[in-house]
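Asks: Place chain D on chain L using the hints.
Top line first, the protein sequences correspond to chains L and D. According to this note's numbering, the first sequence holds residues 109 to 222 in order. According to this note's numbering, the second sequence holds residues 11 to 123 in order.
Hints are computed from structural coordinates only; laboratory data are not their basis. Treat the hints with care, as some may be off.
Claimed, not checked - Heads up, simulated SDA-like pairs for lysine to any residue below, C-alpha to C-alpha not over 25 Å straight-line:
1) D:Lys91 / L:Asn167
2) L:Lys165 / L:Gly124
3) L:Lys165 / D:Gly11
4) L:Lys117 / D:His48
5) L:Lys165 / D:Ser118
6) L:Lys117 / D:Ala94
7) D:Lys91 / L:Lys165
8) D:Lys91 / L:Asp109
9) D:Lys91 / L:Leu147
10) L:Lys165 / D:Val104
11) L:Lys165 / D:Glu103
12) L:Lys117 / D:Tyr40
13) L:Lys165 / D:Ser93
14) L:Lys165 / D:Gly102
15) L:Lys117 / D:Arg115
16) L:Lys117 / D:Ser118
17) D:Lys91 / L:Ser146
18) L:Lys165 / D:Ser37
19) L:Lys165 / D:Ser108
20) L:Lys165 / D:Tyr40
21) L:Lys165 / D:Ala94
22) L:Lys165 / D:Gly41
23) L:Lys117 / D:Phe55
24) L:Lys165 / D:Phe39
25) L:Lys117 / D:Ser93
26) D:Lys91 / L:Ser215
27) L:Lys165 / D:Glu15
28) L:Lys165 / D:Gln12
29) L:Lys117 / D:Thr36
30) L:Lys117 / D:Thr54
31) D:Lys91 / L:Arg218
32) L:Lys117 / D:Gly50
33) L:Lys165 / D:Tyr58
34) L:Lys117 / D:Val104
35) L:Lys117 / D:Lys91
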Amino acid sequence: DSGVTQTPKHLITATGQRVTLRCSPRSGDLSVYWYQQSLDQGLQFLIQYYNGEERAKGNILERFSAQQFPDLHSELNLSSLELGDSALYFCASSPAGDTNYGYTFGSGTRLTVV
Amino acid sequence: GQSLEQPSEVTAVEGAIVQINCTYQTSGFYGLSWYQQHDGGAPTFLSYNALDGLEETGRFSSFLSRSDSYGYLLLQELQMKDSASYFCAVRGEVSGGSYIPTFGRGTSLIVHP
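Same shape as in the complex, but just chain L (with noise of 0.2 Å):
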């Protein structure tokens, strides 16, 4: 256990529908990152958020969006889903807004659009 929850593990959808993603940092960490991972791609990333605000914006689809709640954790919205948004999607935490000593992944949650 990394010590970073994403929930649901497994999701299944049909086109056209809205699904929420969502994570819970390591105990501590202050930054969120989010990745999508396509079949035999790299890890894209998304959307940084440090502290409750937005950090840092990557590859993006404006049918995307997240947030940072005050807790800390945060939460990936994915809408009007298309069949190509299928992959895999993780969530990696850090303790500040910046690391060299790289990011703690979770397990990532699996995403099927049908």
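Replies: Frame of chain L, contents of chain D only:
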């Protein structure tokens, strides 16, 4: 922008030594990281190089040459459990002053008995 190249697959036998290479192109460079990911599992941080040279952590070592925009991960005394995907990641600047890693596509390491 940033791009990384690493081999898609490497095979080796148990007990051997294997090297996974990574070349990168980036507008800003603040370090090279390596992660291990077992099938469908969470990526796990292995090592980080900000300066040129070799960093050793047990059976794993990582090397960086900034002048060549090149690094590698060296795995010694291979074990079956080392079969996994290995990702290099360049730490570069993203908007807002954060230094977010950009990951390569990963190298699938297959260890044979």
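Asks: State for each hint whether it applies.
Replies: Results for each hint:
This hinted pair does not check out: Lys91 of chain D and Asn167 of chain L have alpha carbons roughly 33 Å apart, beyond 25 Å. With a C-alpha separation of about 24 Å, the suggested pairing of Lys165 of chain L with Gly124 of chain L holds against the 25 Å cut-off. Simply put, Lys165 of chain L and Gly11 of chain D have alpha-carbon atoms about 14 Å apart, close enough for the 25 Å limit, and the pair holds. A C-alpha spacing of about 16 Å is found between Lys117 of chain L and His48 of chain D, which places the hinted pair at or below 25 Å, so the restraint holds.
For the given pair, Lys165 of chain L sits about 28 Å from Ser118 of chain D by alpha-carbon distance, which is inconsistent with the 25 Å threshold. Our distance criterion of 25 Å between C-alpha atoms is met by Lys117 of chain L and Ala94 of chain D, whose separation comes to about 21 Å. Pair hint Lys91 of chain D plus Lys165 of chain L does not hold up; C-alpha atoms about 35 Å apart against a cutoff of 25 Å. For the given pair, Lys91 of chain D sits about 18 Å from Asp109 of chain L by alpha-carbon distance, which is consistent with the 25 Å threshold.
Between Lys91 of chain D and Leu147 of chain L the alpha-carbon distance is near 22 Å, which keeps this suggested pair within the 25 Å criterion. Annotation: proposed proximity of Lys165 of chain L to Val104 of chain D holds, straight-line Cα distance about 7 Å (limit 25 Å). Proximity of Lys165 of chain L to Glu103 of chain D is assessed by CA-CA distance (about 11 Å); at most 25 Å being required, the pair is judged to hold. For the hint pairing Lys117 of chain L with Tyr40 of chain D, the CA-to-CA distance comes to about 33 Å; that exceeds 25 Å, so the pair is violated.
Our distance criterion of 25 Å between C-alpha atoms is broken by Lys165 of chain L and Ser93 of chain D, whose separation comes to about 33 Å. Taken as a hint, the Lys165 of chain L and Gly102 of chain D pair is honoured in the structure, with Cα atoms around 13 Å apart against an allowance of 25 Å. Taken as a hint, the Lys117 of chain L and Arg115 of chain D pair is honoured in the structure, with Cα atoms around 23 Å apart against an allowance of 25 Å. Restraint check for Lys117 of chain L and Ser118 of chain D: satisfied, since their Cα atoms lie roughly 24 Å apart, inside the 25 Å limit.
In summary, the hint linking Lys91 of chain D to Ser146 of chain L is supported, as the alpha carbons are separated by about 24 Å, within the 25 Å threshold. Under the criterion of a C-alpha separation no larger than 25 Å, the hint pairing Lys165 of chain L with Ser37 of chain D is consistent with the structure, at around 17 Å. Between Lys165 of chain L and Ser108 of chain D the CA atoms are separated by roughly 9 Å; this keeps the pair inside 25 Å, and the hint holds. In summary, the hint linking Lys165 of chain L to Tyr40 of chain D is supported, as the alpha carbons are separated by about 18 Å, within the 25 Å threshold.
For the hint linking Lys165 of chain L to Ala94 of chain D, the alpha-carbon distance of about 29 Å lies beyond 25 Å, and the restraint is violated. At roughly 19 Å between alpha-carbon atoms, Lys165 of chain L and Gly41 of chain D fall within 25 Å of each other, so this suggested pair holds. For the hint linking Lys117 of chain L to Phe55 of chain D, the alpha-carbon distance of about 21 Å falls within 25 Å, and the restraint holds. For the suggested pair Lys165 of chain L and Phe39 of chain D, the alpha carbons sit about 18 Å apart, so the restraint of at most 25 Å is met.
Note on Lys117 of chain L and Ser93 of chain D: the hinted pairing holds, with a Cα-Cα distance of about 23 Å set against a maximum of 25 Å. Restraint check for Lys91 of chain D and Ser215 of chain L: the C-alpha separation of about 18 Å stays at or below 25 Å, so the hint holds. A C-alpha spacing of about 23 Å is found between Lys165 of chain L and Glu15 of chain D, which places the hinted pair at or below 25 Å, so the restraint holds. With a C-alpha separation of about 15 Å, the suggested pairing of Lys165 of chain L with Gln12 of chain D holds against the 25 Å cut-off.
With a CA separation close to 34 Å, the supplied pair Lys117 of chain L and Thr36 of chain D exceeds the 25 Å bound. With a C-alpha separation of about 18 Å, the suggested pairing of Lys117 of chain L with Thr54 of chain D holds against the 25 Å cut-off. For the proposed pair Lys91 of chain D and Arg218 of chain L, the alpha carbon gap of about 23 Å is at most 25 Å, so the pair holds. Simply put, Lys117 of chain L and Gly50 of chain D have alpha-carbon atoms about 11 Å apart, close enough for the 25 Å limit, and the pair holds.
The hinted pair formed by Lys165 of chain L and Tyr58 of chain D meets the criterion: a straight-line CA distance of about 23 Å does not exceed 25 Å. For a cut-off of 25 Å, the pair hint linking Lys117 of chain L to Val104 of chain D is broken: about 29 Å separates their Cα positions. Distance hint between Lys117 of chain L and Lys91 of chain D is fulfilled; the C-alpha atoms sit about 24 Å from each other, no more than 25 Å.
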